[in-house]
Amino acid sequence: MKQKRKTAAALLAGTALAATVLTGCTSGGGSADGGGPVTQEQIDEAMSTPTTLTFWTWVPDIDQEVALFEQKYPEIDVKVENVGQGLPHYQKLRSAIEAGEGAPDVAQIEYQYIPSFVLSESLLDLADYGAADLEDDYVGWAWNQVSPGDEVWAIPQDIGPMGNLYREDLLTQAGIAEPPATWDDYAAAAKAVKDSTGSYISNLGATQAGQMIGFFWQAGVKPFGYDGAETVKIDVNSDGAKEVADYWTGLIQDDLISTDVDFNDQWYQGLASGKYAGWLTAAWGPVFLQGTAEGTSGQWRAAPLPQWSAGDEVSGNWGGSSDAVLASSENPIAAAELAKFINHDEESAMQLATQQFLFPPQQSVLSDPAFIDQESEFYGGQQVNKLFAEISETVDTDFEWLPFMDYVYSSYEETMGTVIADKGDIAAALDTWQDQLVSYAEDQGFTVE
Amino acid sequence: MTDLDTRAAVTIDTPNYRPPHGRRGRPRPYSASKRRSTLLTVLLWLCVLYFVLPLWWLFVSSTKDTSALFSTFGLWFGPDFSLWDNLVDLFTTRGGLFVRWIGNTVFYALTAAVGATLLSAMAGYAFAKFDFPGKKVLFSITLGAVMIPLTALALPTYLLFAQAGLTDTPWAIIVPSLVSPFGVYLMRVYAADAIDDSLLEAARVDGSGEFRTFWQVGFRLLGPGLVTVFLFSLVGTWNNYFLPLIMLNSSDLYPLTVGLAQIQAAASAGGGSQAAFSTVITGSLVTVIPLVIAFLFLQRYWQSGLSTGSVKG
Amino acid sequence: MTHTPTAARTAARPAERRRTSTSKRKQRTAAYLFILPFFLVFLTMLVVPLFYSGWLSFFESKLIGGEQFAGLANYVRALGDSAFWGSLLRVLAFLLIQVPIMLILALCFALALDSGRARGSRTVRLLIFMPYAVPAVVATLMWGYLYGPDFGPIAQIARAVGLGTPEFLTPGNILGSMMNIVTWEFIGYNMIIMYAALRSIPAELYEAAEIDGAGQFRVAWSVKIPAIRPAIMLTVIFSIIGSFQLFNEPSLLNTIAPDAITNSFMPNYYAYNLAFINQELNYAAAIAFLLGLLIAIVSYIVQLSEQRRERRERRLS
Chain Z
1 MKQKRKTAAA LLAGTALAAT VLTGCTSGGG SADGGGPVTQ EQIDEAMSTP TTLTFWTWVP
61 DIDQEVALFE QKYPEIDVKV ENVGQGLPHY QKLRSAIEAG EGAPDVAQIE YQYIPSFVLS
121 ESLLDLADYG AADLEDDYVG WAWNQVSPGD EVWAIPQDIG PMGNLYREDL LTQAGIAEPP
181 ATWDDYAAAA KAVKDSTGSY ISNLGATQAG QMIGFFWQAG VKPFGYDGAE TVKIDVNSDG
241 AKEVADYWTG LIQDDLISTD VDFNDQWYQG LASGKYAGWL TAAWGPVFLQ GTAEGTSGQW
301 RAAPLPQWSA GDEVSGNWGG SSDAVLASSE NPIAAAELAK FINHDEESAM QLATQQFLFP
361 PQQSVLSDPA FIDQESEFYG GQQVNKLFAE ISETVDTDFE WLPFMDYVYS SYEETMGTVI
421 ADKGDIAAAL DTWQDQLVSY AEDQGFTVE
Chain C
1001 MTDLDTRAAV TIDTPNYRPP HGRRGRPRPY SASKRRSTLL TVLLWLCVLY FVLPLWWLFV
1061 SSTKDTSALF STFGLWFGPD FSLWDNLVDL FTTRGGLFVR WIGNTVFYAL TAAVGATLLS
1121 AMAGYAFAKF DFPGKKVLFS ITLGAVMIPL TALALPTYLL FAQAGLTDTP WAIIVPSLVS
1181 PFGVYLMRVY AADAIDDSLL EAARVDGSGE FRTFWQVGFR LLGPGLVTVF LFSLVGTWNN
1241 YFLPLIMLNS SDLYPLTVGL AQIQAAASAG GGSQAAFSTV ITGSLVTVIP LVIAFLFLQR
1301 YWQSGLSTGS VKG
Chain S
2001 MTHTPTAART AARPAERRRT STSKRKQRTA AYLFILPFFL VFLTMLVVPL FYSGWLSFFE
2061 SKLIGGEQFA GLANYVRALG DSAFWGSLLR VLAFLLIQVP IMLILALCFA LALDSGRARG
2121 SRTVRLLIFM PYAVPAVVAT LMWGYLYGPD FGPIAQIARA VGLGTPEFLT PGNILGSMMN
2181 IVTWEFIGYN MIIMYAALRS IPAELYEAAE IDGAGQFRVA WSVKIPAIRP AIMLTVIFSI
2241 IGSFQLFNEP SLLNTIAPDA ITNSFMPNYY AYNLAFINQE LNYAAAIAFL LGLLIAIVSY
2301 IVQLSEQRRE RRERRLS
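Protein chains in written order, with the working numbering: chain Z, 1 to 449; chain C, 1001 to 1313; chain S, 2001 to 2317.
So here's chain Z without its partners, still in its complex pose:
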C-alpha cells in the first residue's frame, strides 16, 4: 500500500522535475544472504570491505566510541548525525523511511518507540546477526524491551531505573533523618519539608509522561500491550493507575508537590535554588543534576524510590535507549556490528558509562568496580552508581508499549498535562486519556483488547 503512494509521488515528481533521476526504493533486503544466521566469514568479509555507514544518534560526543569502532575496522567509515533529540529524531526517521530514501543504517531508538518501528517493518531482526547470544549479558528487563519475542530489534544502550535524589540538608532541616521508605512516608515528609523549609519535596513535570509511566511501572500497573501484530491493550485508567494518580492529586492539591514543566530553564533553576528539595528521577539523573546544580554540591543524596508497601523493593524505568539497524540498510552486517560494538564492546560500553554518563544496561559494566565503586563528591561521597545498579535489578521485567507512542505522549500532554498543571483530578484525566487512545487505536485499525 505504501508502494502505491510512492508510485504516485514518483509520477508527480517525474512530470514536474522532467529529467531528474528517480532514485527508486533502495531497500537492500533485510535478511542475511541465504536466510540463516550470518557466518563469521560473511562478517569478516563485510568488515573488510570499504563501507560507509550512517548513524543517527543524539548522544553527545559519541564520536569517541565510534572512533574505537573505526579503529578496529579501518575499512568502515561511520557518519554520525544528530538530527534532533527525541520526537524530531523519530519524525525525521519516519519521513525518511516513508520516502524510501535518506534513512540511516543505524539509529538510536528509545525503548518505548521500538514497537512503532516494528509495526512499520522498518527494523532489521538482529537475531541472525549474532545478537541472540547477547541476552545474558544484559539486565533482564532491558533485554525484554528490545527482544519481546524471538527477534532482537535493537541493542540496549542505556537505561533509567528510577530512584530518589534529595537534598539531605533540607530534609534534615525538616527533621527527616532517613529518606522516605514508603509513599506514605514521602507524603508526610513532603508536608514537613514544605512547612519548615518552604521547598517542594519534588516536582512532578506536568507534561512529563515518562515520569508518570515510570511510577505506573513501579506500581505494577501495565497500561499498554502490543502483540506485535494488530492487537493492542490500552488500560491507562485501571484501578492501579488511578491509585497512583490519586496519590499525586492529593499531594498537588495540598501544594506539597509543584507541577512545573520540567527540563526548561525555570526548572533547572528550581533544582539549583532549592525550590525543589528532591527529584524522583532515573539513573541518568545524578550526573545530569550535577551539571545543573553545581552550587549545591555535597548536599544531595540518592535513595531508592519510596515503596507502595513497606519492605518491598521495586522500581520502574524512565528513559534509556537502544541502537537499532534499519531494515533498509544496504550493509546490514556492518551496521549490526556497529550497533553491537558501540554498546557491547567492553571498552566502548565502559566509555559510554564513564564519559557520556549513560547508565549501562550491561551486566559486566554494572558489576565492574571501576564503575560502581566511584564515589561522588556531589552526593557526599556516596556510591551512586552502585545504588542504581542495585535498583536496576528491581525493575519489573514485563512492561510493554503501544506501537504509537508519539501519539500516546502528545495525547498525555493534552489530557493529563493540562489537568496536572491546573491541579485538577488526575484520575479523571486518566479516563479522558484512555478514551483518546482507544479511539485513535480503533481509527488506525487496531483491535483493542
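I should point out that these hints are in silico values taken from the structure, not numbers from a laboratory.
The beta-carbon is built from N, C-alpha and C at its ideal position, and this holds for glycine as well.
Hints should not be assumed to be uniformly reliable.
Stated by the list, open to error - Facing chain S, according to a computed beta carbon distance under 10 Å, are these residues of chain C, among others:
1) 1070
2) 1148
3) 1150
4) 1155
5) 1246
Given chain Z, work out where chains C and S should sit, using these hints.
Frame of chain Z, contents of chains C and S only:
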C-alpha cells in the same frame, strides 16, 4: 507569522491604477520649518523601548555566564563580562559547527535572494511591459499562491523532494526559496512605474533584442526595486526555520535557525552534558546581527523600492 | 493613460503597422521566455506538491490496513473535528484582536513619523523595524525568557513594584503572549509599508488642508489615511493570511510551555502535528486544503467589501 515576508500576497484588480497626481519622492519644502513636538518625541521614544528592550536583553544576556543569567537582573549587566567566553564556547561546541552554520546560512540566503530577485524581475518586467495571452490568469495564479498554507503541506513536499533525491541537499532549501510571488508583484508595479515604454520602443527601433534591452535598459532602472526584493528574499531565507527543519538531516548542512533550535533543545534536555543556555543566547545574538546591518546599510534603497510597491496596491 | 504609448504611436503611423505585428509576435515570445523560469520553479515547488496533497486528501491511511480511497471522508471528518474548530477560533481571536491592534499601532507610528514632528524619527523608524529582521526562532526564544515567571525581567520588575508575578505562559494567557510576540515582530514591517505609502502622497494634496488651518489629526484622518488606503489594505490582507498560517510561534512556544500549547493550538500547527505525530498524513492534507480555502474566502470577502466601499465613495464624491 510564517512566510509572510517573501510570499506575501497582494490583491489588485487594477495594477495600473495610480493615485491622482502620483509622483514619487515629492519634496517637502515646508517640513523644515515645522515645529517639533516634544510630546510626540517623548511618546515615540517610549514606544521604541518596547521594540528595543528584548534586543537589549539579548545583548546583555550574551555577556553573562549561565549562572549569572539566572541570578541577576535581566536588563542590566552581571558582575562578569563573559561575552568573549560565550563566543568562544559558541564557536567551539561540536567542533566549531556554528561557523559552518553561519556559512550555510549566508550561502543559502544569498543564492536564494539573488535567484529570487532575478526570476521576479524577469517575470515582473514581462507582466508590466508585454501583452500576451494568459497574462491575467497567470498573474492571478501567482498572487493566489500566497494563500497556500505551505507548512501544512510539509510532508507531501518532503516526499516529492525525496523522490527526486533533493532532500538533505542545499537544493532543498534554495530552490523553493526562489519562488517569491510578492517579488513578482513588486517588480511588476515597479517596472510599470520606473521604465518608460518609449525607452523600450526606442531600443526596439534600434534593433536591440528584448533580452538585451532588459539587461541594458530595464535592469538598470529597476535598481531600488531589485534591492527591495533582494532584501526581503534574503530575510525570508535567512529566517526560514521550517523548510530546512524538515528537509535537512545532516548537521553540516543546517542553517543558523535550525542549528540554534537544536542546541537550545540540547541545552534543555541536558543529555549528560551541561546545560549551556548562555551559548544559545549568544548564538541568537550572532544570528541577528548580520541582517540588522544589512537593513541599516541598504535602507535608502529598499525604502524607495517599497514606497513604489505599496501605493499601487 | 500613461501606459499606451505604443498604441498611440501605431495609430499615428499606420505605415508601420505590419512591422509592428511581427515585432508583437516576437515580443510575445520574449514575454513567455521572461516568465518561464519563474513559472517553472513555481510549478514544481508549489503547484505540484499542492496537487499531490490534494490527491492524498482523498485517501485514508491506517497504521493497520494501509491506504485506501476514502472520497470526501477526510473533509467530512474535519468539519466535525472540534480540535480543528477550536484552532480556527483562536485564529479568529487573532483576526479580531491582534491584527487590529498591530495595524492601528503601525499606522499611528507611520503617521507620527511622517508628520516630521518628532526628533530622531529616522532612528525611531529603524528601531521599530528592527524586530522584523529577527528570525522567529530567536524572537520566540527571547520572549520565552522574558516571560519567565522566575527569572524573566518582566516578572523581576513586576515583583519589584509589588505587582506579584505575572503569568504569561499559563494555558489561559498564552494566546495573549503569542499575540504580543507576533505584534512585536511585525509592527515594524507593516509600519514601513504604510510609511512608504505616506511618503508618496503628493504634498499639494494636504498642503491646502494645512493652510486652511486643519490640525494634524484632521489632516491625517481625512487626507492621509484615505490616500494610503491601498497600502493599508495590503497590510490587512498580509496579516489575515499570516494569522491563518501561524506556525513558528506555537511550535517554538510549545517547547517552553507544553502544558499551554495544545497540538491543535493553531490550524497550521495542527495539520503539521497530524502529519508528523499522529501519522495521519491524508487527514492533514485535507485540513491544509480547507485552510487554504478558508484563507481565500476571507481574503476575498475583505477585498470585496473594500471595493464596494471604494465604489460607493467615488459615487458620493
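#### Entry: chain S contact restraint for residue 1150 of chain C - C-beta distance below 10 Å
holds (8 Å)
### Query
Does residue 1246 of chain C pass the interface hint, meaning its C-beta sits closer than 10 Å to a C-beta of chain S?
holds (9 Å)
### Query
Under the criterion of a CB-CB separation shorter than 10 Å, is residue 1148 of chain C in contact with chain S as hinted?
Residue 1148 of chain C check passes; min Cβ-Cβ to chain S is 5 Å, inside 10 Å.
### Query
Is the hint on residue 1155 of chain C kept, meaning its closest Cβ partner in chain S is under 10 Å away?
holds (4 Å)
### Query
Taking the closest Cβ pair, is residue 1070 of chain C under 10 Å from chain S?
Cβ of residue 1070 of chain C sits 5 Å from chain S, so the hint holds.
Of the numbered hints listed earlier, not one is contradicted by the structure.
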